[in-house]
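Those protein sequences? They're chains U and V, same order as listed.
So for the first sequence, my numbering puts the first residue at 250; every next one is plus one.
So for the second sequence, my numbering puts the first residue at 129; every next one is plus one.
One thing to keep in mind: the hints can contain errors.
Straight-line distance between alpha carbons at most 20 Å, and here's what the computed PhoX-like set of lysine-lysine pairs gives [stated by the list, open to error]:
id	chain 1	residue 1	chain 2	residue 2
1	V	K332	U	K655
2	U	K372	U	K383
3	U	K563	V	K412
4	U	K590	V	K412
To be clear, the hints were calculated from the coordinates, so they are not data collected in a lab.
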Amino acid sequence: RSWWWGRERRKLIVGDVVVLLPLLLNCCWQRHCLQSWAAGEWRLLAGIPVLKAEVPSSIFIAPLSFFFPPFLAFPWFGMDIGGTLVKLVYFEPKDITAEEEQEEVENLKSIRKYLTSNTAYGKTGIRDVHLELKNLTMCGRKGNLHFIRFPTSAMHRFIQMGSEKNFSSLHTTLCATGGGAYKFEEDFRTIADLQLHKLDELDCLIQGLLYVDSVGYNGQPECYYFENPTDPEQCQKKPYCLDNPYPMLLVNIGSGVSILAVYSKDNYKRVTGTSLGGGTFLGLCCLLTGCETFEEALEMAAKGDSTNVDKLVKDIYGGDYERFGLQGSAVASSFGHMMSKEKRDSISKEDLARATLVTITNNIGSIARMCALNENIDRVVFVGNFLRINMISMKVLAYAMDYWSKGQLKALFLEHEGYFGAVGALLELLKMPENQ
Amino acid sequence: GSVKAAKIFPWFGLDIGGTLVKLVYFEPKDITAEEEEEEVENLKSIRKYLTSNVAYGSTGIRDVHLELKDLTLCGRKGNLHFIRFPTHDMPAFIQMGSEKHFSSLHTTLCATGGGAYKFEQDFRTVGDLQLCKLDELDCLVKGVLYIDSVGFNGDSECYYFENPTDSEKCQKLPFNLENPYPLLLVNIGSGVSILAVYSKDNYKRVTGTSLGGGTFFGLCCLLTGCSTFEEALEMASLGDSTKVDKLVRDIYGGDYERFGLPGWAVASSFGNMMSKEKRESVSKEDLARATLITITNNIGSIARMCALNENINRVVFVGNFLRINTISMRLLAYALDYWSKGQLKALFLEHEGYFGAVGAFLELLNSA
């Protein structure tokens with residue numbers, strides 16, 4: 250007790266306050282600055298970023314800012330390491346001054362050139378050029394946002410490359426989400442000397458989605474829906490305004506499926522999930538048809554007829570099951586015909602691929618519909634790379650949502666499908682007060 | 129009393145499903161000498177044929193262990209028999225009915241299931257028989273309530289599993305369904321229907337899924353080359369689905385703690401099968417097991433969502449997908465308990481897939 254209020258301790262407390270208070274104040278100031286900076290309210294004063302509104306007092310602040318410039322080191326990446334694919338978003342600054350370019354370290358420049366001059370990397374990396382977002386302003390910098398993907402099975406090569414290119418010497422933070430951010434964390438550290446900043450995949454998904462929708466798609470809307478989904482002549486892709494998105498049901502179809510109810514930008518819950526996702530479609534297709542890639546599987550599915558494989562209501566009832574409103578054309582038992590050897594011998598690989606696609610898609614649609622009903626939400630947004638180049642599934646989902654809900658539910662889609670987690674990770678990076 | 133001006137024998141209930149035909153037959157054991165004398169020849173031969181055999185043709189089977197003894201129905205005492213054969217053999221069945229002049233017996237044939245509609249005309253033109261068509265879900269509900277009320281030869285019709293995943297400790301225990309309402313009834317046949325039952329006359333079809341027993345069986349035939357349900361189940365019992373499925377720990381390296389997903393949970397069914405290497409390293413048994421687990425878990429998941437939505441905590445699973453399928457039953461029991469944190473209970477019934485036929489049979493006895 251005597252020590253607590255003793256002179257020694259008083260000296261310590263006073264000493265602490267004297268040293269820490271300015272630092273605390275500066276930290277608060279820095280944080281305030283960064284928020285303004287993120288909102289684009291900075292300009293350069295004598296080469297030093299200062300708040301526009303505070304120019305008069307910036308003379309006073311400038312020296313402090315000089316010692317603690319809130320600049321985030323390039324390169325700016327967001328990474329989402331999923332069960333099947335790694336999604337990478339890369340911000341390419343287009344406003345680099347001559348001065349900056351001179352100071353730019355060699356490996357940073359080579360990364361920038363490598364990524365932006367190629368659309369394919371190694372054997373399996375691909376840059377989705379059509380998704381590039383041009384002339385974005387992020388954290389006071391102008392540039393383009395690039396979208397790159399490669400299979401998670403190539404992760405070790407990626408880490409190896411990061412090690413060979415001395416990525417760690419750039420002292421940048423690597424923000425990563427998805428299960429792989431946890432699974433490969435140690436490999437990043439031990440092989441490439443990189444510390445990942447791990448983020449939750451669903452947090453990133455939502456933040457990424459809201460951001461991309463807010464900036465739009467090079468002037469076009471990011472969000473769309475289908476009118477007349479089952480009429481091949483009349484089916485039309487139409488823009489949808491997601492200005493007031495809440496509440497919304499978000500169905501993320503990757504290797505597996507997560508379903509989220511989003512009430513506001515900071516308030517969401519994971520309603521449920523299903524393990525019958527994109528990975529199931531691809532896995533089963535590979536087994537049943539001998540195909541090897543997602544593109545092959547979809548191509549086969551486009552040519553097949555699932556009604557040869559599935560047992561429909563009319564196969565059992567001879568027509569509709571009127572009592573409960575089940576049309577004869579509805580599937581009663583997926584793959585139900587395949588217990589008959591005769592039927593097995595009469596169908597093609599394309600029919601099997603189609604049946605697999607339709608089965609997985611309808612199951613997801615059905616579960617999504619139940620959740621929408623449970624949660625009292627009428628807009629269902631489908632994202633995830635299962636829907637990449639997969640028009641069949643999108644239309645099946647659009648139709649199913651509309652039909653089974655008697656028009657109450659609307660299926661919505663987004664152009665940047667599977668990249669929102671990676672974007673969310675990038676956004677998290679941009680929030681960090683990183684000192685150079 | 130007009131109880132004697134009662135139903136003409138034979139008394140059948142027929143449920144013509146997507147894969148199997150279920151037939152219940154009431155064998156009277158209180159036939160008087162007088163009655164026996166008057167009995168027409170083909171009626172006697174039907175009775176003897178059905179009760180002296182346990183197999184019919186190459187695909188018909190009588191589930192002797194399910195026989196209900198000493199039932200009293202409409203003033204008559206007798207045994208209730210449970211017979212099944214593939215719907216594929218329906219034309220042969222109708223042909224037999226024609227050859228045995230079944231129509232001359234002037235009995236009503238009460239039938240339910242999709243086939244009652246699909247084969248109605250064939251029955252009429254080939255067998256000269258007029259079917260009395262009944263809705264399959266009406267019959268299902270009535271059949272369940274009746275069988276549970278009479279019990280299973282003194283034992284309980286309804287049961288559940290304690291410690292379902294512990295192979296040593298797993299126990300099948302009786303469950304008293306006396307106050308059954310409300311009840312979620314999940315009928316897993318070729319496809320699946322899920323009903324919320326509020327009282328004996330009040331139920332609704334909540335939803336359904338096309339990923340049912342027919343899917344399991346069809347996919348198994350394709351993936352493993354098996355040709356019967358029994359073979360498929362046998363393979364499944366020997367396989368390891370974790371080689372085929374991508375688990376949470378395969379993606380996260382462990383649990384996905386934030387949302388309470390344990391590492392052993394399946395993240396993506398068949399998710400490992402996109403890799404050629406892995407495809408070459410799994411066996412047919414692994415594939416059969418994965419198919420069973422995938423279909424079963426999907427049904428369990430959907431049932432759980434319905435139970436939550438409808439605010440019902442007892443889920444009864446019926447249908448022939450569960451016949452001799454302890455793996456699925458235990459998995460459903462476990463999954464429902466685990467994912468609902470003990471709020472939901474999975475229940476099962478001994479007469480699994482026969483309730484529709486029983487319901488049709490009861491309708492015969494009810495009709496004037």
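### Query
Checking against the hints above, which ones are violated?
Going through the list in order, the structure violates hints 2 and 3 and respects the others.
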